[in-house]
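K.L.:
Read left to right, the sequence shown gives residues 1 to 227 (full-length UniProt numbering).
The set of hints was computed from the structure by calculation and includes no laboratory data. Quick caveat: nothing in here was measured; it's all calculated off a predicted structure. Accuracy of the hints is not assured; some may be wrong.
[Claimed, not checked] Each computed EDC-like pair below joins lysine to aspartate or glutamate, with the alpha-carbon atoms no more than 20 angstroms apart:
hint, residue 1, residue 2
1, 90, 175
2, 112, 156
3, 192, 73
4, 184, 73
5, 115, 154
6, 72, 189
7, 199, 73
8, 152, 109
9, 166, 93
10, 104, 156
11, 72, 156
12, 202, 73
13, 54, 65
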Amino acid sequence: PPSGVFVPLDSRKVALVFSSILLPARPPCVQIQTEFHLYHKGDGIHHKEHDVVKEYARVFQMYNELKKRYNKEVKTNQRQNETVAMLSGKINDLEQQLHLANQKINALEYKKKDKFASIQRRLSSNKCMCKKKGSCSCKYLDQLLFETQRLKMENETLSKERRMLKNELAALDKDFFDEIEDLKYALQEAIKLNAHYEKYLKQLSSTYGITLTSALTAGNPRTTLWK
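Generate coordinates for the entire structure from the input sequences, incorporating the hints supplied.
P.N.:
Right under this line is the structure:
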């Protein structure tokens, strides 16, 4: 328009010009997408760390359970060792008693045979000569009767002692010795199982850096103290 002449402006055109200047085009959307992408990236790292912690907790729980089972087996082995030692002592005592009883029986049998042979020799050397049938005037008759009575009493005593010894031997149950053998076998198997437990505990300790905080057992030369 000519200089100095006022020309009114169209309000719609002014609004359009200001809207094109004030409103941003696309950068905010790009920024939002970038932040969303970074959020998902950080969330993946968080999930990975969570999985590692979860796996470590699972392994540590397995380790604790294995250590509990190991300590339980150690206590069981200790009780079985004490039981086997006690039963072995009883077996040794019973075997010694059996040996002494057999010696006593053999000695009594030998003594009985020796006495009988001595009487037979005495009767042979001092035969009674009877004048009539049914009568005897031998001076050794009283001695013979006395000796016969004494031997009869001694024989009864020996028979009684022998019956007592046989009853004592019969009282020893055959299953008792089988139980001893079963306990010995169970003890050997428990020792092998403990060796496997100890091996796995060492592997877990070496792999995950877990240390034992308790003494493993007493009395077993295969076990050691871990710190």
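K.L.:
Work down the list of hints and note, for each, if the structure agrees.
P.N.:
We went through each hint and held it up to the structure:
no., hint, result
1, 90 with 175, "holds, 15 angstroms"
2, 112 with 156, "holds, 11 angstroms"
3, 192 with 73, "holds, 11 angstroms"
4, 184 with 73, "holds, 15 angstroms"
5, 115 with 154, "holds, 10 angstroms"
6, 72 with 189, "holds, 14 angstroms"
7, 199 with 73, "holds, 14 angstroms"
8, 152 with 109, "holds, 14 angstroms"
9, 166 with 93, "holds, 17 angstroms"
10, 104 with 156, "holds, 15 angstroms"
11, 72 with 156, "violated, 57 angstroms"
12, 202 with 73, "holds, 17 angstroms"
13, 54 with 65, "holds, 17 angstroms"
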